[in-house]
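Engineer: Letter by letter, the chains look like this.
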Amino acid sequence: SAVISQKPSRDICQRGTSLTIQCQVDSQVTMMFWYRQQPGQSLTLIATANQGSEATYESGFVIDKFPISRPNLTFSTLTVSNMSPEDSSIYLCSVEDPLQAGAVAGTEAFFGQGTRLTVV
Amino acid sequence: GESVGLHLPTLSVQEGDNSIINCAYSNSASDYFIWYKQESGKGPQFIIDIRSNMDKRQGQRVTVLLNKTVKHLSLQIAATQPGDSAVYFCAENNYGQNFVFGPGTRLSVLP
Chain A
1 SAVISQKPSR
11 DICQRGTSLT
21 IQCQVDSQVT
31 MMFWYRQQPG
41 QSLTLIATAN
51 QGSEATYESG
61 FVIDKFPISR
71 PNLTFSTLTV
81 SNMSPEDSSI
91 YLCSVEDPLQ
101 AGAVAGTEAF
111 FGQGTRLTVV
Chain B
1 GESVGLHLPT
11 LSVQEGDNSI
21 INCAYSNSAS
31 DYFIWYKQES
41 GKGPQFIIDI
51 RSNMDKRQGQ
61 RVTVLLNKTV
71 KHLSLQIAAT
81 QPGDSAVYFC
91 AENNYGQNFV
101 FGPGTRLSVL
111 P
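Chains as they are written, first to last, in this note's numbering: chain A, 1 to 120; chain B, 1 to 111.
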């Protein structure tokens, strides 16, 4: 199973500034995913980061606001740009990997511990 | 520590009782489903999965039931323990697509 390290684990930022979140995986993976989890809500996919090509963004998310880098198969960054209080959320990096022993589905989503962002 | 999902629906159960957490999914073409557990300050973690051609699957203290007719998934936890307190999400996946997560339920275990 994949082990994902994400940093920072939390930050408090001033509105109008930008924060870059780093995600490191202990194995090479084709796709990495960035999710947002707003207070009281579930996980919403922001974008899929592919190595060697531009990230694919979901409806409602744009590259100017959430630029993503994917320089190699084990690392990605998500930047939250020009932040406002509405961007206060937990941001999670994820990869899909073959399931653990005994599972029956196709793949499993593994997550980092998340970055708790508060914008003031 | 702080908790995610401060406004999530909450299920409160007595320690030792059984818990049933429900989830309605959206895509009738989804191939498989996974239940995730998210503890405070952590990312979601795999609990149990089920394929769309199954209607029941059991793990250690957990059982997942799938009703494709009404697009409903449930997670049953036997003899609920304090360590089971967390937010639980169902996730559906169509092979080759990304996971789509349900709204989540907070399970609170009372002593």
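Possibly wrong hints are sitting among the right ones.
On the chain A side, residues computed to face chain B include the following (Cβ under 8 Å) [what the hints assert, rightly or not]:
{"hint": "1", "residue": "THR30"}
{"hint": "2", "residue": "PHE33"}
{"hint": "3", "residue": "GLY40"}
{"hint": "4", "residue": "LEU43"}
{"hint": "5", "residue": "GLN51"}
{"hint": "6", "residue": "ASP64"}
{"hint": "7", "residue": "PRO71"}
{"hint": "8", "residue": "SER88"}
{"hint": "9", "residue": "LEU92"}
{"hint": "10", "residue": "VAL104"}
{"hint": "11", "residue": "PHE111"}
{"hint": "12", "residue": "GLY112"}
{"hint": "13", "residue": "GLY114"}
{"hint": "14", "residue": "LEU117"}
Only pairs whose alpha carbons sit at most 27 Å apart, straight line, appear in this in silico DSS-like list of lysine-lysine [unchecked claim]:
{"hint": "15", "chain 1": "B", "residue 1": "LYS68", "chain 2": "A", "residue 2": "LYS7"}
{"hint": "16", "chain 1": "B", "residue 1": "LYS56", "chain 2": "B", "residue 2": "LYS71"}
{"hint": "17", "chain 1": "A", "residue 1": "LYS65", "chain 2": "B", "residue 2": "LYS42"}
{"hint": "18", "chain 1": "A", "residue 1": "LYS7", "chain 2": "A", "residue 2": "LYS65"}
{"hint": "19", "chain 1": "B", "residue 1": "LYS56", "chain 2": "B", "residue 2": "LYS68"}
No lab work stands behind these hints: they were computed from the structure.
Just so it is clear, CB atoms sit at the ideal spot from N, CA and C, and this is done for glycine as well.
Engineer: Minimum Cβ distance from LEU43(A) to chain B below 8 Å?
Structural biologist: 4 Å, holds
Engineer: Going by Cβ atoms only, is PRO71(A) closer than 8 Å to chain B?
Structural biologist: Hint on PRO71(A): violated, closest Cβ of chain B at ~22 Å, above 8 Å.
Engineer: Per the CB criterion, is THR30(A) less than 8 Å away from chain B?
Structural biologist: 12 Å, violated
Engineer: Between LYS56(B) and LYS71(B), does the CA-CA distance stay at or below 27 Å?
Structural biologist: Measuring from Cα to Cα gives roughly 14 Å; hence the hint holds.
Engineer: Regarding the hint that SER88(A) lies at the interface with chain B, is the smallest CB-CB distance below 8 Å?
Structural biologist: 12 Å, violated
Engineer: Report holds or violated for the interface hint on VAL104(A), using the least CB-CB distance to chain B and a cut-off of 8 Å.
Structural biologist: 5 Å, holds
Engineer: Given PHE33(A) as an interface hint, is its Cβ closer than 8 Å to any Cβ of chain B?
Structural biologist: It holds, given that the least Cβ distance between PHE33(A) and chain B is near 6 Å, below 8 Å.
Engineer: Given GLY40(A) as an interface hint, is its Cβ closer than 8 Å to any Cβ of chain B?
Structural biologist: 3 Å, holds
Engineer: Given GLY114(A) was flagged as interface, is its beta-carbon under 8 Å from a beta-carbon of chain B?
Structural biologist: Since the shortest Cβ distance to chain B is 5 Å, the answer is holds.
Engineer: Identify whether the interface hint at ASP64(A) stands, where standing means a beta carbon of chain B within less than 8 Å of its own.
Structural biologist: 22 Å, violated
Engineer: Grab the minimum C-beta distance from LEU117(A) to chain B and call the hint holds if it beats 8 Å, violated otherwise.
Structural biologist: Hint violated; LEU117(A) Cβ to chain B Cβ min 12 Å, cut 8 Å.
Engineer: Between the alpha carbons of LYS65(A) and LYS42(B), is the straight-line distance 27 Å or under?
Structural biologist: Distance of about 25 Å is within 27 Å: holds.
In this structure, the hints that do not hold are numbers 1, 5, 6, 7, 8, 14 and 15, in rising order.
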